[in-house]
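Take any residue in the sequence shown, note its place counting from 1, add 106, and you have its number in the working numbering.
In case anyone wonders, no lab produced these hints; they're calculated from the structure.
Check each hint, because a few of them may be wrong.
Claimed, not checked - Derived DEER-like restraints, expressed as beta-carbon distance ranges:
(1) 224 x 169: 44 to 52 Å
(2) 269 x 116: 30 to 38 Å
(3) 252 x 175: 15 to 23 Å
(4) 177 x 330: 32 to 40 Å
(5) 169 x 123: 18 to 26 Å
(6) 176 x 143: 45 to 53 Å
The beta-carbon is built from N, C-alpha and C at its ideal position, and this holds for glycine as well.
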Amino acid sequence: MGANGLGQVVSWYICTVATFPFVALRMYSRWKRVGKFWIDDYLVLLAVCCLIGDLVIQQHMWNLGLGDMSTITPENFKGIMQMIIPGSTLYVSSLWAIKVALVFFYKSLAVPGSRLVLIYNIALAGLAVTYLIIFFDIMFQCFPHNKRWSTDPDYQCSQKAAEINYWITIFFNIFTDVIIICLPITMVSRLQMKLKDKLGVAAIFALGFLVVISSIVRAYYSKSQETMITCTVSMIETAIAIIATCLPALRSMILGTDTTKDNSNSYGRHYELSSARRKANHNRLNASHASGGLQSAHDKRNRAHGSEDSLFSDGHLGPEVERPAGKITVNTQIETMFEDTQSTASSSQAKSSFK
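Sequences are here, hints too, so could you generate the full structure?
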């Protein structure tokens, strides 16, 4: 077996173990705040299990001689090739579990009935389709599977099929990563908040770009048939993805959340998208921006889901919501406005709702 690639094997274990404290703190935070786990938590746990399984498979392959394929025996070569399908499946499953967990987290922050919910549902459907495409391509690109270790030139895997699998995996992986990362950063950039808050929030998700870089590096070495380096970069890519997914929960633990306020105010404050919209809302009945019953329902949903793991500390994403059919919501607000030399002040806010 030798010591070829021993340092890389050690890095596999470091990457795997490094995810444990982040995942543990995430679960502790969610349980402490909500008293239960939600689907995104279970998806993170699934990703960690897949990462551990991938580590076991890669360790087994290295024991069989993966570090030096030039001296490998036919029997060991067969054993290594038999691990290709389960190893690839666990790798893809881990990454896609993280992608889906992130989308569910974003969706939990969106106001029910808003366009964001539709966008995230479309994203979830897209992730399901892309995963199934990659999964079935892994399973059947080389069938029967014994072609993978066959020494008969007429009974081996198609190089064209392997090339297709390579590009499908790379394209779907990088494309979905970019989309999932850019959506929340784009929304945050539209909010009126302090620059340091914007940068802090963007930094959480910008860490995901390291995942994209890892994917590109992995694609390069995979194309070059550098199996050991490909395995190492795969572990790094998955570990970074898991850690990045846990950062919002850690952010809440470090900075804390305002849990002393009543339900109507704890998530009621939000950033308007523009001063023009704020002025318009001040001068007309706020029917299109229904923050009465719908906002209360959104507050309850956020609390039930444990979305105290918010993206920023001073509120939540405040996208527009459509007025429910059959309901008229009138929201009268008196706010402090500062426009040129004119100022209006108030110390109370009156709300009334008619259904």
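For each hint given before, does the structure comply? Return the numbers of the non-compliant ones in rising order. 4
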